[in-house]
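The C-terminal position of the sequence shown is numbered 107 in my numbering, with every residue numbered one higher than the one before it.
Honestly, the hints are just simulated from the structure, not real lab data.
Per label pair, the in silico range of CB-to-CB distance:
no.: 1; residue 1: S73; residue 2: R16; range: 32 to 42 Å
no.: 2; residue 1: N47; residue 2: K70; range: 25 to 35 Å
no.: 3; residue 1: K51; residue 2: N8; range: 40 to 50 Å
no.: 4; residue 1: K69; residue 2: T90; range: 19 to 29 Å
no.: 5; residue 1: A107; residue 2: F11; range: 40 to 50 Å
no.: 6; residue 1: N8; residue 2: A107; range: 44 to 54 Å
no.: 7; residue 1: S86; residue 2: P34; range: 23 to 33 Å
no.: 8; residue 1: Y7; residue 2: P106; range: 37 to 47 Å
no.: 9; residue 1: K70; residue 2: P12; range: 37 to 47 Å
no.: 10; residue 1: N8; residue 2: D87; range: 38 to 48 Å
no.: 11; residue 1: D52; residue 2: K75; range: 17 to 27 Å
Capping the alpha-carbon separation at 25 Å, the derived lysine-lysine pairs in BS3-like fashion look like this:
no.: 12; residue 1: K105; residue 2: K69
no.: 13; residue 1: K105; residue 2: K51
no.: 14; residue 1: K105; residue 2: K49
no.: 15; residue 1: K89; residue 2: K49
no.: 16; residue 1: K99; residue 2: K4
no.: 17; residue 1: K72; residue 2: K49
no.: 18; residue 1: K49; residue 2: K75
no.: 19; residue 1: K10; residue 2: K99
no.: 20; residue 1: K99; residue 2: K75
no.: 21; residue 1: K69; residue 2: K51
Virtual Cβ for every residue (Gly too), placed ideally from N, Cα, C.
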Amino acid sequence: MPVKALYNYKFPPRDRAEVFGDDILVYAYWIDNPFFCSASAWRVPKNMKWKDFVAQIFGQLYGLDPDFKKVKSWKWYHFDQEFNPSDEKTLAELGLRHKSIVKFKPA
Numbered sequence: 001m002p003v004k005a006l007y008n009y010k011f012p013p014r015d016r017a018e019v020f021g022d023d024i025l026v027y028a029y030w031i032d033n034p035f036f037c038s039a040s041a042w043r044v045p046k047n048m049k050w051k052d053f054v055a056q057i058f059g060q061l062y063g064l065d066p067d068f069k070k071v072k073s074w075k076w077y078h079f080d081q082e083f084n085p086s087d088e089k090t091l092a093e094l095g096l097r098h099k100s101i102v103k104f105k106p107a
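My request is simple: use the sequences and hints to build the entire structure.
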């Protein structure tokens, strides 16, 4: 069901894709983690390799969780679909687009 604004919205949103050039916004969310209650937003290049994206989100944020080091492997989702990304593919090659959400949990 589409969302309907309660007023006239007469200007373009600031976070539309054209504003970001060759970058995209990707939301990352650790499912059922009490340490991180919501998704985090990452501005990243479309041509960033998956392994570099994961290194960035784990190295700068999610690795701070005390349970992070206990996890041996992850189960990934793109929106709500299971997702098996290849480390050497770019985010664009994997089908991620502006405002995609990547969810993950321990496998």
